[in-house]
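S.K.: Going by the working numbering, the first residue of the sequence shown is number 1, and it counts up by one from there.
No lab work stands behind these hints, which were simulated from the structure alone.
It is possible that some hints are incorrect.
Unchecked claim - DSS-like mimics (lysine-lysine), calculated; alpha carbons at most 25 Å apart, straight line:
| # | residue 1 | residue 2 |
| --- | --- | --- |
| 1 | K222 | K206 |
| 2 | K209 | K222 |
| 3 | K232 | K179 |
| 4 | K5 | K222 |
| 5 | K5 | K53 |
| 6 | K264 | K181 |
| 7 | K152 | K209 |
| 8 | K10 | K209 |
| 9 | K10 | K179 |
| 10 | K232 | K206 |
| 11 | K222 | K2 |
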Amino acid sequence: DKLLKTLEIKGMEAMPARQALDAAEQASRQWRVTSTHFLPPLAVDVLREAFDKIAAVTLHSWGGFPGAERQRVFFHNSEMVMEDQAWREEYEDAFTALAIEGNFLFDPADHRDFLGAILGSGVERDRVGDVLVLGQRGAQVIVESDVAEVVKAELTSVRTVNVYVEPIPFDELRAGEAKRKEVSSVEASLRLDAVASGGMRISRSKMAKMIEQEGVVYVNWKEVRSSSKEVKAGDVITVRGKGRLEIHDISRTSRGRYRLQMTKVG
1 DKLLKTLEIK GMEAMPARQA LDAAEQASRQ WRVTSTHFLP PLAVDVLREA
51 FDKIAAVTLH SWGGFPGAER QRVFFHNSEM VMEDQAWREE YEDAFTALAI
101 EGNFLFDPAD HRDFLGAILG SGVERDRVGD VLVLGQRGAQ VIVESDVAEV
151 VKAELTSVRT VNVYVEPIPF DELRAGEAKR KEVSSVEASL RLDAVASGGM
201 RISRSKMAKM IEQEGVVYVN WKEVRSSSKE VKAGDVITVR GKGRLEIHDI
251 SRTSRGRYRL QMTKVG
């Protein structure tokens, strides 16, 4: 109960926190690998911090490819010896990569469109990992293996576009192609709408509207819907469909404005 309360205080929702603790207990007692469903980055970080202090259980996390935002957390008894090959087999059984193929030239679809269509096929959100949008060609998605056939059978269209869904090898994922670009911006304040618009090269009014929408803008993996929230060095701003901003350094100019050095990912 104490550990559960700690996880909730740190920002985890009650249900996934309980499920994670149950999985950890089973792993410890039954000497087998157990796992959670997909979790957002904040929850993964909270679990990692909590279980760093628990010697009986070892924790690993993986989302299907390096740098995945949504990951599953795996537990095993710390006395079990898990070689790299054993982990590779565990991951291959747990995840399936799917390609969602269609011609989106005349009806472009974004992250929300693809995710909505996937969930509309009857799959729960926690069974779905990262969705990689490929523009006119469609998208790729990581799902838990036991729901892959459901998505393959039930997902037939996204927006007005007919799609074909098929499993693909993990080495065909396009996640590694995310572009990283160093950007700098000078702003009058550290408000979220100002910094995000400067880093993303989007008008401030448009960014403010995006922040107001549910599930679009996150700071350090927590949803934010207030444009006036101030950010700081070390923060990560995620804008669905636009990418991420990693804030590295903030300094003051001679006129008292804020110069930000950032990396734009995506």
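S.K.: All the hints need checking, so say for each whether the structure fits it.
M.R.: Hint check results:
1. Straight-line distance between C-alpha atoms of K222 and K206 comes to about 20 Å, which keeps the hinted pair within the 25 Å bound.
2. Under the criterion of a C-alpha separation no larger than 25 Å, the hint pairing K209 with K222 is consistent with the structure, at around 18 Å.
3. Pair hint K232 plus K179 holds up; C-alpha atoms about 23 Å apart against a cutoff of 25 Å.
4. With a C-alpha separation of about 19 Å, the suggested pair K5 and K222 falls inside the 25 Å cut-off, and the hint holds.
5. Proposed proximity of K5 and K53 is supported: the alpha carbons are some 16 Å apart, at most 25 Å.
6. Under the criterion of a C-alpha separation no larger than 25 Å, the hint pairing K264 with K181 is consistent with the structure, at around 5 Å.
7. Restraint check for K152 and K209: the C-alpha separation of about 35 Å exceeds 25 Å, so the hint is violated.
8. A distance of roughly 28 Å separates the Cα atoms of K10 and K209; the hinted pair therefore is violated under the 25 Å criterion.
9. Proximity of K10 to K179 is assessed by CA-CA distance (about 31 Å); at most 25 Å being required, the pair is judged violated.
10. Of the supplied pair hints, the one linking K232 and K206 holds, its CA atoms being roughly 22 Å apart against a limit of 25 Å.
11. Proposed proximity of K222 and K2 is supported: the alpha carbons are some 23 Å apart, at most 25 Å.
Comparing the model with each earlier hint shows violations of hints 7, 8 and 9; every other hint is respected.
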